[in-house]
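Peer 1: Based on these hints, arrange chain B on the given structure of chain A.
There are 2 protein chains.
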Amino acid sequence: MAGFECLPGFRDFYPEACAQRNFLFRVWTLAARRFGFQEYDIPTLEPLELLTEKSGPEIVEQLFHFTDKGGREVALRPELTPSLARMVGSQANSLKRPIKWFNIAENFRYEKPQKGRLRSHYQFNADVFGEPGEGADCEIIALCVETLLATGLGAKDFRLRLSDRSLWIDFLAALGHEGEAALGILGVIDKMERLPQEAVLEKLEPWFGDAREDFLAQVKTLVSIRELEGLKRFFGSIVSNAALRERLDARLESWERLLNDLDALGVSPWIHIDLGIVRGLAYYTGYVFEVFAIDGGGNYVGRALAGGGRYDHLVGRLGFPEMPAVGFGMGDVMLGQLLLERGKMPPLIDAPDCFLVVGGPAERSIALKAAQTLRAAGYRVEYPLKPVGFGKQFKLAGQSGARLALIFGEEERAAGTAKLRNLQSGEEQSVAMEQLLDAVAEA
Amino acid sequence: MAGFECLPGFRDFYPEACAQRNFLFRVWTLAARRFGFQEYDIPTLEPLELLTEKSGPEIVEQLFHFTDKGGREVALRPELTPSLARMVGSQANSLKRPIKWFNIAENFRYEKPQKGRLRSHYQFNADVFGEPGEGADCEIIALCVETLLATGLGAKDFRLRLSDRSLWIDFLAALGHEGEAALGILGVIDKMERLPQEAVLEKLEPWFGDAREDFLAQVKTLVSIRELEGLKRFFGSIVSNAALRERLDARLESWERLLNDLDALGVSPWIHIDLGIVRGLAYYTGYVFEVFAIDGGGNYVGRALAGGGRYDHLVGRLGFPEMPAVGFGMGDVMLGQLLLERGKMPPLIDAPDCFLVVGGPAERSIALKAAQTLRAAGYRVEYPLKPVGFGKQFKLAGQSGARLALIFGEEERAAGTAKLRNLQSGEEQSVAMEQLLDAVAEA
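For the protein sequence lines, the chains are A and B, in the order given. For the first sequence, our numbering assigns the number 243 to the initial residue and increments by one for each residue that follows. For the second sequence, our numbering assigns the number 243 to the initial residue and increments by one for each residue that follows.
Since the hints were made in silico from the structure, they are not lab data. Among the hints, erroneous ones may be present.
Copies of one chain are not kept apart here, so a pair can be met inside one copy or by any two copies together.
Said to hold, decoys possible - In the EDC-like style, the derived pairs of lysine to aspartate or glutamate whose C-alpha atoms are separated by at most 16 Å in a straight line are:
id, residue 1, residue 2
1, 634, 592
2, 628, 498
3, 398, 537
4, 445, 432
5, 474, 516
6, 661, 440
7, 354, 310
8, 474, 498
In isolation and in its complexed conformation, chain A is listed as follows:
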């Protein structure tokens, strides 16, 4: 019936799908806690202005937005970062730094639903505020890798492509392109992997004219570098003034410390230097990265599993004191698909510990008292909600997946006992009512 289905791009989560989603939530939460991140949360609905201030008016195209009954321009959050920057910025003076926070929330975008991309998805976000050095980038990158490993993925399942907007900006500055021009050029680099060479050259023409082929050749050299030594050679050969040289040298030292620390944290095998990643959004200011699944041949498949980087100016741009920041987001859709494809999604095991088989009304009170006792002790207990014959109840007990059945018949009532049956082994024992909890614990 029209109107009585989900909206396109939204999902009903039946118990199995819900358990799979919650498996991700649990892995995300536990990983963030091991790294010392605290959980926070933000509103689902936000003022439109907060979102356009971060991302520009173009973002409105992709939003679920409307005017509320009080005349406010509002939107369903498409991402977490602007709200997070508000929360941190408005308490900048009282929060102890570094601020290490994480969140799991639903985000909304009005776009054509397609494989790996829905109108609503859940995202894990972790961010560090208040620490400008690469130590914070390191912690964020290590958490991103460790989180994916905690899902059960391994060395051959994914790779984190590590890049640096700061090196790119300096490289373009050495070629005479700064400010808006540099951002425009990075916008082209961002699309390079998906466009034919001719189209890339045409887009570069306004800035490079006849030198566009030379520039593209340089870019191709840069994005093929996989070792720190290679980056050092590339940037060592760039003609630059003294200030720029000093900045480049300092940056390459930061790279060296970052890679050393990532190695010490055990995540090096997943880190691939890859300056081909520049992240489209203008607000990134330093290290940036994206994580992709890889196939058996080591090729990237599908959309990014996660992405993030440093964004040191966002808090200031919202009118709060400047505060350095670095973080990442990881969605549930691509990751869930990957885990299913690779057989890493754990099966839904959702069975009671104990199924109560209940005789007549006289036995029912005894059985229900037992249910309360067992539930109070933390056991998951089910019983038929209406009178059902014994045979049917044993069938229900079996279907429920319970390991134990507790049988309350006339005979047992007369003896002040219950019969405890192990539904796997078929073993049975009589248990006095006051021994029930111990017997179930030991069964």
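Peer 2: Coordinates of chain B only, in the frame set by chain A:
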């Protein structure tokens, strides 16, 4: 700055507030699981038609609703039940009954924010589908009480007021009022507690004319009954035809079984028979209940903590096969306030297990390896994200609330050890690197 605050009636959850909210989520989840309920989830945004079909066009007044970019009339869900009925109804033939499901979700209403009532709140919902007998009502009511007890509330903190729309409908039928008239009268009864007697009498006039004072006297007698025997006497004295008499007698037997089972499940002390509760919504069809906090004098305080009842026709009304249903909702706002007022909200303890105190760059790699080892074993580990003097680090370790500090200095590096300090007792020991995990586990 305008636009950079939360919308009115919405909340930013800083870590402490988030931990308090998550405490409720955890209690809710564990209680539902002990009772054998499975978790599901529904979309935040739904077709407007689904919501108006359940609640009538008046609901639109209270909704955040708009036309999406595809021309669809959509709304932020104000409650869960219509979506739940869709999910259950559309899989009615494949889901094993009874269907026992729970969910925790954010709901949205556009109304004036006030104490205990916001524009966004979180609600725990538990429902049983497919079982028409009072066994399902019993399970739902017991879960509602046990959930509140699991928060730490006790016998003197709340009461569940149990009523029955079906008895009301039969009572009104005996007086000659059925269908729309009966629903209209119940609408007045619903507001009786909050209105002056004059206003109530005026509202009853269209149906009862000069007999309105007699009717109101009868109603007052009915709503003052607190014992099953009283209900039996009251309904025994009602003049009715044979069919109605049979229905009333059967219903009072159902009441007897329900109260017996609630007693066996140990929740009787919280159950108060109170026909004054009729629940405004027309869709309830049988037992209904609301839970209120009580003060030291046993008086009800504030808005309901939870409420629910049986709604056997909703699934059918959405065009799916008829399916009996009973459930309840419990919000986070009133309950959170009550727990804070009564000192039952657990404090946020959010400290690392281990804080690493790190010497120079040579020690950093060793410390970070230790961090990885400990985190992989499930410990929560923090270390300074940038080089910091030893003295400052010990101060940070103390402030972090960590129980243990692991010290990686020059001396320790030379000896291949770390120093493990218990920050509570001040005790220290040297630990070989390969013994680290055991030493931390035993410390």
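Peer 1: Take the hints in turn and mark each one as holding or not.
Peer 2: Consistency of the hints with the structure:
Neither within a single protomer nor between protomers do residue 634 and residue 592 lie at most 16 Å apart by alpha-carbon distance, with minima of 21 Å and 49 Å respectively. In this assembly of identical chains, the alpha carbons of residue 628 and residue 498 lie at most 16 Å apart only when taken from different copies (15 Å versus 69 Å within one copy). In this assembly of identical chains, residue 398 and residue 537 lie within 16 Å of each other by CA distance solely inside one copy; the values are 8 Å within and 61 Å between copies. In this assembly of identical chains, residue 445 and residue 432 lie within 16 Å of each other by CA distance solely inside one copy; the values are 12 Å within and 69 Å between copies.
Taking identical chains as interchangeable, the C-alpha atoms of residue 474 and residue 516 lie at most 16 Å apart only when both belong to the same chain, with a minimum of 14 Å there against 80 Å between chains. In this assembly of identical chains, the alpha carbons of residue 661 and residue 440 never lie at most 16 Å apart, being 79 Å within a copy and 61 Å across copies at closest. For the homomeric pair residue 354 and residue 310, the shortest alpha-carbon distance between copies (13 Å) is at most 16 Å, but the shortest distance inside one copy (25 Å) is not. In this assembly of identical chains, the alpha carbons of residue 474 and residue 498 lie at most 16 Å apart only when taken from the same copy (10 Å versus 83 Å across copies).
Consistency note: the structure conflicts with the earlier hints numbered 1, 6.
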